[in-house]
Structures are given as C-alpha cells and as structure tokens.
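Participant: Spelled out from the first residue to the last, the chains are:
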Amino acid sequence: MRKTGVSTYIGFVVILVWCLLPIAWIVSLSFKSVAETTVGSPQFLPEHATWDNYKVLLGMTPDKTASHDFLLALRNSFGISIIATFLAVIMATLAAYAIARLEFKGKRFVLSLALAIAMFPVVSLVGPLFDMWRTFHLFNTWPGLIIPYMTFTLPLAIWVLSAFFREIPWEMEQAAQVDGATSWQAFRKVIVPLAAPGVFTAAILTFFFAWNEFVLALSLTSTTASRTVPAQMSFFVGPDPFNPPYSQLATASVIVTIPVIIIVLLFQRRIVAGLTSGAVKG
Amino acid sequence: MTATTIPRQTTEAAPHVASERSAAENRLGQKLVAPALIMMLLVTAYPMLQALYLSLFRYRLTTPDDKGFVGLGNYATILTDSLFWKDTLNTVVIMVVTVAVELVIGFAFALVMHRIIFARGVMRTSILIPYGIITVVSAFAWQFTFSINNGWVNAWFSWLPGISATTNWYGDHWHAMFAIMVSEIWKTTPFMALLLLAGLSQISEDMLEAAKVDGATAWQRLYKVILPNMRAAIMVAVLFRALDAFRIFDNIFIMTKGAQNTESSSFLTYRQAIEQFQLGLGSALSVLLFLTTLLVAYLIVKLFAVNLAQARGEA
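Chains Y and H are the protein sequences, given in the same order.
Counting from 1 along the first sequence, just add 5 to a position and that's the residue number in our numbering.
At position 149 of the second sequence (counting the first as 1) the number is 129 in our numbering, and the numbers step up by one without a gap.
Think of the hints as simulated: they come from the structure by calculation, not from any bench.
Bear in mind that the values here come from a model prediction, so they are computed numbers and not experimental data.
Please note that a few of the clues may not be correct.
[Stated by the list, open to error] Covered by chain H, per the in silico footprint, the following chain Y stretches (three or more residues, Cβ under 8 Å):
| hint | segment |
| --- | --- |
| 1 | 92 to 104 |
| 2 | 118 to 124 |
[Claimed, not checked] Here are the simulated BS3-like pairs of lysine-lysine, each with C-alpha atoms no more than 27 Å apart in a straight line:
| hint | chain 1 | residue 1 | chain 2 | residue 2 |
| --- | --- | --- | --- | --- |
| 3 | H | K282 | H | K66 |
| 4 | H | K282 | H | K204 |
| 5 | H | K204 | H | K192 |
| 6 | H | K237 | Y | K112 |
| 7 | H | K192 | H | K66 |
| 8 | H | K66 | Y | K110 |
| 9 | Y | K112 | H | K282 |
| 10 | H | K237 | Y | K194 |
Idealized CB from N, CA, C, for every residue including glycine.
Isolated chain Y (complex conformation) (with noise of 0.2 Å):
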C-alpha cells in the first residue's frame, strides 16, 4: 500500500488551484456591472456583484441587441455540434467495426490518413474551403460548418472506437446465439451495450471538438444565420472597440463553458479512457 505524503497533498492543491482559478476568475467578472469594469476593477471579487449581465444576455431586458446575437449564436453551436457528433459518430463506427474485426486491403491507408487529419493544420483550408464553398452555396450555412467539423473529429472518433472494438469479447454474441437467441437478440442483448460506454465516449469527445472549434467557425459564416459562439464572442466588442464589455464576455464565456462542466461531471471517467484509449499501448 502506497501512503500519501504530504508532497501529494501540496500537488493536489496546486492542481485544483491551477484548474479552477481561471473559472473561479470569469465567474467573479460575470458579477462585476458593466461599470464597474469600464472604469477599472482589478482586484478578484466584485465590488457589488450583479445578476444584471446574465439578464442582458439572456434576453431579459427590454434591450434586447446583445442577447439576440448571442442566443442566435448559442442555436447555432448546439444545432451544429450536435448534428456534427451524431454523422461522425455513425461513419466512425461503421469505420472502426471493420478496422477492429476485419482483415480487408486498405486499412492501413485509412488508419494513416486519419492520423494525418489529425495532425493537419486546419487553417490551411480555410482559404480552399472558402473558395468552393462560395461556390457551393454552402458558406454561412449550417452545412458549409458540419462538413467540416465531422471530417475533422472523424480521426478521433475512428481511433477511440477501434481501441474499445478490440476489447469486445465478440465471441459472445455466438455464446449467446448458442443458447437460443437469434442474431438480432445476440447483438441488441449483447453487443449493443458492450459497445455503447465506447460510441457514447467518441460522441462526447466529438462534441468538444465542434463546441470550440473556432478556425472555420471564423472563416465560414458572416451572420448569426450560421456563426457559433466562439465567433460570435470574438466580434463581440460593445459599444466601444477600446473598451470591451469584460463583464459581458464573462458572462457568456461563463453560460457556455456550463455545457462543458455539467459534461465534465457527468462523464469524467468515460472522457479519461477515451482521451487516453491507444495512446500508450506499445
């Protein structure tokens, strides 16, 4: 038995502090009034905090300018992420069921260029993607933005999957069909939820990706018609370009960086295997 020194303990503190101070840090500014912040408010807490930037947000006050292009833009983030996880997460288990069980000429090709798109830099093709998607009608679509988003979480998919595939006892579906169930029971009764900790894992991951995507999210849309909210945050400047809103931002950085934890809390173990799934096996 390992015992916990109390070096472990100073490390432990010191990683919750350096995880959560810059949350604890935007969630102070939320409070802070528009104001407050205008003039200058450098120490941590607020002076009296306020609910007021979240009821600007939000959309409840009569001003509604700032909460109809960010409540447009929290639509679009979570109408495209969604779509963009469910298509990746269907091709990528078609992909990786056939990379884990079958032997077939190509895989190697497949299991390569999903490493490179993984490595690729991304920038490189937006002026490309911009070009054809001018001519598609696909710029400032929801489209033109889910194309690419499921492509580039692909990679990951594929690998997260393949790596839970290959720990599947796939002989007990015959085990089962054995003991008198048809193929269908075999494979909703028993493969279904063997491999459904690994399909919810890769959507989980999936989903970060296109919830902070911001590259394409730049470069492919020019209105709320499309922009996530990374982009729209980022065109965010308020009334005057030398003094940005801080508290403002705050506030929506704070209302959606909520998904993400409640995510976090909800799946903490599930997201670690998948991050680490055949990275270290060698």
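Guided by the hints, dock chain H onto chain Y, whose structure is given.
Facilitator: Coordinates of chain H only, in the frame set by chain Y:
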C-alpha cells in the same frame, strides 16, 4: 470505393471456402470504411490539391478578372518577405516553449494524480475543465487576467521584479507572447498530464519496488526506470501537443489580434486568405504551412526514434 472491390489475393494452397470468405470480409470491410474515407478525402485532400493549384495564380477575390498564372511567384513573394519568417519564428518559439513547460508540469501533475488515493473524481473533473473549455473562452479569461485595468496579475504579483501596477502586458512583444503562452499552457497541460498518467500507470509496481530494494534513489528510479518505460507515451503526447501548438490561432486572435508582432503562421494564412481575399497568396501560405507541419512531425518522430504505429498499438 464501394463500386470497385479488389479481390483479395490468396495463396493457391488456401482452401476455396476460406478464400471466398476472406474476399467477402474484404468487401464488407471496405464498404464499412467507405463513408468515412470518402468524407475525409473530399474535405481535406481535395481542397489541399485545390490550394496547390490556386497557389500558382495571382488571384484576389476583390479583383477576380485579374486572375493570372504566376508560377512559383507567390512562393517567391512569401519566402522573401521578412513577415513570413518572423511569424514562423513566433510559432516555433510558442511551440517549443509551451510543449517543454507542459511536459514538465504535466509530468508533475501525472505523478500527483498517480499517487493520490483520495478524491480521484474531484481531481479528474477539475483536470478535464481546462481541456473541455472553449479556447476562445480561455483566451478571454487570460486576456482579462493580464489586463492593466481589470486584471489581477499586476495586483497580486507586483512584489516580483519587473511587475508593477502599471505593467502593460500587451505593450510589447515579449510580454504579449508571455500572456499568450500562459493561456496556451493552462489549457493544454491537463491533456498532456492525462496522456502521461496513462503511460505512468503501465509501469509495474514490482519493477519500481525491485529498484528500491536494490538501493536506487528516487531520482535514479525516475531516470532509469520510469522515464525509459514511458518513452512511447511521452512521444505520443509530445507529437500531438507540438503539432497542436504549431497551429496556434485562437489564443492570438482573441488576446492580441497579432499586435506587437505576435502573429503566428496560422494567423498569417487566415489573414491573407479570409481578411484580404488573397486566395492565390493565401493558398501558397496554406501549402507552406502544411509542408512545415509535415517537417515538424518528421523531426519529432526522428528525434524520439519511435515507430508511431507501434506506439499506438496499430502495427
């Protein structure tokens, strides 16, 4: 891919039934990977070829009629421009410094997480928050942290030499680069730590115990037992993070918009292609960025001399 299936080559000795079965398996396998493969080729390989083609033209969207073949002219323009080299240098500096710092801090974090026997859930949750948070949000959080009017860095660290209440972190090149790198390191160290933790947990306790019994000090155990056995994990973590750091864009765009010469290669490419509609010149930059990324990947793989496929268990 779906229309043309290549019959699997089998040796004459193989039984007829088996070869038919493996041919069917081959067909099914190729059908299943086809959607993903086609998608990846269409959205990355095709535009990349398009970029290669466009890079040979003088082509600006504001003056589309002026499009003309210039051969390697765009490349000559870029490679003789000091801005390109300055931005490349910035990118390399950011990549080397952030990955080096992350490797050290990430390793320390991994050691703590490996040893800890209480509150593992709390630890995992907190470490995943920087990983999961939107980079733009992290960039804003750190931009405000270093802000002269609204940040706490100057107030908290004014006892350090070189920092005072009036230190302007966005006023000169190195201060701004420092702020950008802090944001990058904060967000990505947890990812590094998790990959290293996975490597660390593969080292057998028996081996460490044996080294201890043989009288190895803690440092000797680290250098002679732990690190050599984590080679593959370190290699994967460094490669992924280095290439990720090499395409840094979000942090710079939010924190400085490239002011004080903090522009990166990605930023330059974006600015030419999207903000200035220079599709010809922008495409040439895309191609150069792609080639530099390949070079960086090659150098890292050579430096660590580990077969990547082997390292990921995909031999």
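Participant: Is the Cα-Cα distance between K282 of chain H and K204 of chain H 27 Å or less?
Facilitator: OK: K282 of chain H and K204 of chain H at ~22 Å, within 27 Å.
Participant: Given the hinted pair K237 of chain H and K112 of chain Y, is their Cα-Cα distance within 27 Å?
Facilitator: Judged against 27 Å, a Cα distance of about 42 Å means the pair is violated.
Participant: Are there at least three residues in the segment 118 to 124 of chain Y whose beta carbon sits under 8 Å from a beta carbon of chain H?
Facilitator: holds (count 6)
Participant: K112 of chain Y and K282 of chain H: Cα distance at most 27 Å?
Facilitator: holds, 24 Å
Participant: Checking one constraint from the list: CA of K66 of chain H to CA of K110 of chain Y, max 27 Å. Satisfied?
Facilitator: violated, 45 Å
Participant: Take the C-alpha atoms of K192 of chain H and K66 of chain H, compute the straight-line distance between them, and say whether it is at most 27 Å.
Facilitator: violated, 50 Å
Participant: Does K204 of chain H pair with K192 of chain H here, judged by a C-alpha cut-off of 27 Å?
Facilitator: holds, 12 Å
Participant: Does K66 of chain H lie within 27 Å of K282 of chain H when you go C-alpha to C-alpha?
Facilitator: Holds. K282 of chain H to K66 of chain H sits at ~26 Å (cutoff 27 Å).
Participant: Would the hint linking K237 of chain H and K194 of chain Y be met if the CA-CA limit is 27 Å?
Facilitator: The hint is violated at about 54 Å.
Participant: Apply the coverage criterion to the segment 92 to 104 of chain Y and chain H: a residue qualifies when its Cβ sits closer than 8 Å to a Cβ of the chain, and three qualifying residues are needed.
Facilitator: holds (count 7)
The structure does not agree with the numbered hints 6, 7, 8, 10 stated previously, though it agrees with the rest.
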